[in-house]
Amino acid sequence: EPKGDTGFNQPDGDGSSGDISPEQQQKIDSVKIDFSKDNILPKLNQDTIDELGPDADKEVLLKKSVLDRNKTEHPEVKEPDYNTLVASALYRPEFVMPGNKFKPYVNLIARVGEKRSSVVLLDLDCTKDKCEIVHMHWLRNKSRKALEKKSNKIKKES
147 EPKGDTGFNQ PDGDGSSGDI SPEQQQKIDS VKIDFSKDNI LPKLNQDTID ELGPDADKEV
207 LLKKSVLDRN KTEHPEVKEP DYNTLVASAL YRPEFVMPGN KFKPYVNLIA RVGEKRSSVV
267 LLDLDCTKDK CEIVHMHWLR NKSRKALEKK SNKIKKES
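Residue numbers (the working numbering): 147 to 304.
Source of the hints: derived by calculation from the structure; they are not laboratory data. Glycine residues also receive a C-beta, built at the ideal position from the N, C-alpha and C atoms. Be aware that a few hints might be false.
If you anchor each label on the Cβ, the simulated ranges turn out as follows [to be verified]:
1. D214 with E169: 24 to 32 Å
2. K302 with S182: 41 to 49 Å
3. K301 with D193: 16 to 24 Å
4. D203 with K261: 32 to 40 Å
5. E169 with K295: 17 to 25 Å
6. E260 with I166: 15 to 23 Å
7. K288 with P221: 16 to 24 Å
8. K299 with K183: 15 to 23 Å
9. K217 with N287: 18 to 26 Å
10. D184 with C272: 15 to 23 Å
11. K301 with P168: 17 to 25 Å
12. S176 with K302: 34 to 42 Å
13. D165 with D214: 19 to 27 Å
14. R286 with P168: 25 to 33 Å
Start from the sequences, fold in the hints, and give me the full structure.
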């Protein structure tokens, strides 16, 4: 683990820059995570739904229990950063890729600065009435490359 400033908590903007539609911006702006309860977020963008299929065409659920666990597992993600982390990955993803060989999980990854990206692992279980966020965190560039490699391996094996 590198010592000193890792760059993770440096402001890189609000996750809303770049060439995005008014609908995407509206979804990004609507993400206001309440840590005291389950959060219902808007559906993914239509192009992401088209890529992932009909199981992705529903609202997104971020459970309080997932937030609590995530805060313990990823203390580098500060509460004020969760809105940007989640909104950027869900509503302006650069990459959408398999997240698990045995489960209907996908990783949505968005660049949020020169040194980092945000990643959200989403469960697209067709038996659930919402897509559920399973995990979320910052990714350093090196970790992002490793995750992309793992996802490509899952794609080839499935």
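Results for each hint:
no.: 1; hint: D214 with E169: 24 to 32 Å; result: 31 Å, holds
no.: 2; hint: K302 with S182: 41 to 49 Å; result: 42 Å, holds
no.: 3; hint: K301 with D193: 16 to 24 Å; result: 19 Å, holds
no.: 4; hint: D203 with K261: 32 to 40 Å; result: 34 Å, holds
no.: 5; hint: E169 with K295: 17 to 25 Å; result: 32 Å, violated
no.: 6; hint: E260 with I166: 15 to 23 Å; result: 19 Å, holds
no.: 7; hint: K288 with P221: 16 to 24 Å; result: 20 Å, holds
no.: 8; hint: K299 with K183: 15 to 23 Å; result: 37 Å, violated
no.: 9; hint: K217 with N287: 18 to 26 Å; result: 24 Å, holds
no.: 10; hint: D184 with C272: 15 to 23 Å; result: 20 Å, holds
no.: 11; hint: K301 with P168: 17 to 25 Å; result: 32 Å, violated
no.: 12; hint: S176 with K302: 34 to 42 Å; result: 36 Å, holds
no.: 13; hint: D165 with D214: 19 to 27 Å; result: 35 Å, violated
no.: 14; hint: R286 with P168: 25 to 33 Å; result: 32 Å, holds
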